[in-house]
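*Asks:* Could you build the full structure based on these sequences and the hints that come with them?
Spelled out, the chains give:
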Amino acid sequence: MDHPLQLLANGLVVGAIYSLVAVGLSLVFGVMRVINIAHGDFAMLGAYVAFFAWDWLGLSPLVSLLPAMAILFLFGAGLQRLVIERVVGRPLLASLMLTFGLSLIIWNSSQVAFTTKLRGISYLTEPVTFLGVTMSQSYIVGFVLALILTGALFAFLKFTAPGKAIRATSQNQDVALACGIDVRRARTLAFGIGAALAAAAGTLISMTGFIYPYMGFEYLAKTFTIVVLGGLGSVAGALVAAFAYGLLESFGTAMLSPRIAPALPFVLLIAIMIFRPSGLFGTSVADR
Amino acid sequence: MMQAPVFEARAVTKSFASLRAVDDCSFAVEKGAIVGLIGPNGAGKTTLFDIASGATRLDSGQIVFRGEDISALKPHQRALKGLGRTFQLTRVFPKMTLMENMFVASPGDHRLHERAREYLELVNLVDRRHEYASDLSYGQQKLLELARILMLDPELILLDEPAAGVNPTLLKSLLAFIHELRDTWGKTFLIIEHNMNLVMGHCDKVVVMSAGSVIAEGSGEEIQANEEVLEAYFGKSTHPLGRAGHGA
Numbered sequence: 001m002d003h004p005l006q007l008l009a010n011g012l013v014v015g016a017i018y019s020l021v022a023v024g025l026s027l028v029f030g031v032m033r034v035i036n037i038a039h040g041d042f043a044m045l046g047a048y049v050a051f052f053a054w055d056w057l058g059l060s061p062l063v064s065l066l067p068a069m070a071i072l073f074l075f076g077a078g079l080q081r082l083v084i085e086r087v088v089g090r091p092l093l094a095s096l097m098l099t100f101g102l103s104l105i106i107w108n109s110s111q112v113a114f115t116t117k118l119r120g121i122s123y124l125t126e127p128v129t130f131l132g133v134t135m136s137q138s139y140i141v142g143f144v145l146a147l148i149l150t151g152a153l154f155a156f157l158k159f160t161a162p163g164k165a166i167r168a169t170s171q172n173q174d175v176a177l178a179c180g181i182d183v184r185r186a187r188t189l190a191f192g193i194g195a196a197l198a199a200a201a202g203t204l205i206s207m208t209g210f211i212y213p214y215m216g217f218e219y220l221a222k223t224f225t226i227v228v229l230g231g232l233g234s235v236a237g238a239l240v241a242a243f244a245y246g247l248l249e250s251f252g253t254a255m256l257s258p259r260i261a262p263a264l265p266f267v268l269l270i271a272i273m274i275f276r277p278s279g280l281f282g283t284s285v286a287d288r
Numbered sequence: 001m002m003q004a005p006v007f008e009a010r011a012v013t014k015s016f017a018s019l020r021a022v023d024d025c026s027f028a029v030e031k032g033a034i035v036g037l038i039g040p041n042g043a044g045k046t047t048l049f050d051i052a053s054g055a056t057r058l059d060s061g062q063i064v065f066r067g068e069d070i071s072a073l074k075p076h077q078r079a080l081k082g083l084g085r086t087f088q089l090t091r092v093f094p095k096m097t098l099m100e101n102m103f104v105a106s107p108g109d110h111r112l113h114e115r116a117r118e119y120l121e122l123v124n125l126v127d128r129r130h131e132y133a134s135d136l137s138y139g140q141q142k143l144l145e146l147a148r149i150l151m152l153d154p155e156l157i158l159l160d161e162p163a164a165g166v167n168p169t170l171l172k173s174l175l176a177f178i179h180e181l182r183d184t185w186g187k188t189f190l191i192i193e194h195n196m197n198l199v200m201g202h203c204d205k206v207v208v209m210s211a212g213s214v215i216a217e218g219s220g221e222e223i224q225a226n227e228e229v230l231e232a233y234f235g236k237s238t239h240p241l242g243r244a245g246h247g248a
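Protein chains in written order, with the UniProt record's numbering: chain A, 1 to 288; chain B, 1 to 248.
By construction, these hints were calculated from the structure, which means they are not laboratory data.
All C-beta atoms in this analysis are idealised placements derived from N, C-alpha and C, irrespective of residue type, glycine included.
Hints are not guaranteed to be accurate.
Residues of chain A placed beyond 10 Å of chain B at every Cβ, according to the derived structure [said to hold, decoys possible]: (1) Pro67; (2) Gly78; (3) Gly89; (4) Pro258; (5) Arg259.
On the chain B side, residues computed to face chain A include the following (Cβ under 10 Å) [what the hints assert, rightly or not]: (6) Gly54; (7) Ala55; (8) His76; (9) Arg78; (10) Lys81; (11) Phe87; (12) Phe93; (13) Lys95; (14) Ala105; (15) Ile149; (16) Met151.
*Replies:* The structure is reproduced here in C-alpha cells:
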C-alpha cells in the first residue's frame with residue numbers, strides 16, 4: 001500500500017476535479033430542478049477542445065482552458081435556451097428523458113467526429129516529490145486550478161448581482177420574480193456556468209488522464225453520486241462530497257481492491273438514502 | 001386626497017379548466033389609497049393578485065398600471081416597473097442574510113447598501129442585517145418581505161393577508177408601517193385580508209369579490225351595510241347580521 005499521505009494527495013486531486021463537475025450539476029438542479037444527464041458530456045467536450053488545441057495548434061491546456069470554458073458556456077447556454085428551458089417546471093421524468101437523449105446525441109456524434117481512440121495530453125509530466133508524496137506537475141496544477149475555479153464560482157454566487165439572482169432563483173423562483181429577477185436569464189446563466197466548469201474539468205482531465213467520447217457518462221455517474229451525497233442543489237455540499245468521494249476512491253483502491261473500490265461510494269450512497277435522504281450536508285429541497 | 005387610478009383591473013377573466021376563478025372583474029385603485037380586497041374563500045382574490053403581478057396569465061381583459069396595459073409583461077418586468085407584492089405565506093430567501101435578501105430586489109443602483117439599511121431600520125431589523133433570514137420569526141420575515149419590496153421603489157404594493165399568523169403587537173407595527181409608507185412616501189396599497197377590523201379600520205376603500213366577480217365597492221360603512229355582501233359571506237338570512245368583526 002502506498003504511503004497514506006500519497007493516498008491523501010491523490011484523493012484530494014481527483015476530488016478537486018470531481019468538484020468542478022459536481023458543483024455545476026448541483027447548481028443546475030438547484031436553479032431549475034433538472035438533472036442534467038448530459039453534464040458529463042460537457043466535460044468530455046471540454047477535454048476534446050483542449051486536446052485539439054494541443055494537437056493542431058500546439059496550445060497548452062492551461063492556455064486552452066479559458067477558450068474551452070467560453071465555448072462550452074455558449075454551448076450550454078444555447079442548449080438551455082433552446083431545449084432545456086422547455087422542460088423546466090415539468091415532471092422530473094421529462095427532463096431526465098430529454099437530457100438522456102441529448103447525452104446520447106452528443107456522445108455518439110463525438111464518437112463519429114473524434115473516433116473512439118483514447119487520447120491524452122502529455123504536459124507537465126515531470127514528477128515532484130514533497131514530504132514523501134510524488135506527483136506529476138500536471139496533477140498539482142490541475143488541483144490548484146480546480147480550487148481556484150470552484151472558489152471563483154462561490155465568490156460569484158456570493159458577491160455579484162447575477163450570482164445573487166441565481167441563488168435567489170434557486171431558493172424561491174416566485175419570490176425572485178417578485179423581486180424583479182429575470183429567472184429565465186438566471187437559469188440560462190447557471191446552465192452555461194455549469195457547462196463551463198465541466199469543460200474546465202475536462203481540460204484538466206486531458207492532462208491527467210485519458211479522454212474518450214463516452215468518458216462523460218463515467219463522470220456523470222460519479223458526480224451524480226457526489227451531488228446526492230452533498231444534498232441535491234447544494235453547491236457547498238457538492239464541493240465537500242466531491243473531496244469525500246475522491247478520498248474514498250483513493251484509499252479504497254489502495255486498501256481494498258481496485259475492483260471493490262468503485263462500489264464504495266455507492267454503498268455510502270445507499271446508506272445515505274436510508275439514513276439521511278436529504279444528503280450528508282444537505283438541506284431539504286424547500287430549505288435551500 | 002384620492003387621485004387618478006394607479007392600478008386598474010379591466011374586465012379580467014381567468015378560468016382554470018371549467019372553473020371561472022376570476023370572472024369579468026373590474027375595479028380601480030387610486031393613487032395613495034389603501035384599498036382592501038375582501039371576499040369569501042375561493043372568491044378569486046389571490047388569483048387576481050397572481051394575474052396583477054404576472055404570475056398567472058389572464059384569459060381576457062387588461063391589467064393597467066400607471067395608465068399602461070401591462071397584461072403581456074412578465075412578473076419580473078412588472079416588479080421593476082414598480083408593482084410589488086408579498087405572498088400569502090411569507091417568502092424570504094432563507095439561506096441569505098437580511099442584507100442579501102434586500103439586495104436581490106434591486107434594479108441596481110449605487111445607493112444599494114444605504115437604502116437596504118434604511119429600510120431595515122424602518123422595520124427595526126437593521127441590527128440583525130447579517131443574520132440569515134431563516135433565523136427570523138414568522139412575523140419578522142413578513143416585515144423583511146415588506147422592507148425588501150421597498151428596494152424596488154414600488155408605487156403599488158399588493159399585500160396578500162398581511163395579518164395572517166402575526167401577533168397583535170407585530171400587527172400594530174405592521175399597520176403603522178403601512179400607514180407611514182402611504183402618508184410620507186406616497187405608496188399605494190391593495191390588501192387582501194380576512195381580518196375585518198383591519199379592513200374596516202384602515203382601508204380607504206373596500207372591494208368585495210365573490211365567485212370571481214366584484215359584487216361591491218365602497219367605504220367600509222357602505223360595504224357593511226350592503227345586502228349582497230352579507231349574503232355572499234353568510235348566505236341568505238333574515239337575521240340582522242352583525243358588523244365588523246364577524247367576517248372571517
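*Asks:* Please go over all the hints and tell whether each is borne out by the structure.
*Replies:* These are the hints, each one checked on the structure:
| no. | hint | in the structure |
| --- | --- | --- |
| 1 | Pro67 | holds, 30 Å |
| 2 | Gly78 | holds, 21 Å |
| 3 | Gly89 | holds, 13 Å |
| 4 | Pro258 | holds, 39 Å |
| 5 | Arg259 | holds, 41 Å |
| 6 | Gly54 | holds, 8 Å |
| 7 | Ala55 | holds, 6 Å |
| 8 | His76 | holds, 5 Å |
| 9 | Arg78 | holds, 9 Å |
| 10 | Lys81 | holds, 9 Å |
| 11 | Phe87 | holds, 7 Å |
| 12 | Phe93 | holds, 5 Å |
| 13 | Lys95 | holds, 6 Å |
| 14 | Ala105 | holds, 4 Å |
| 15 | Ile149 | holds, 8 Å |
| 16 | Met151 | holds, 8 Å |
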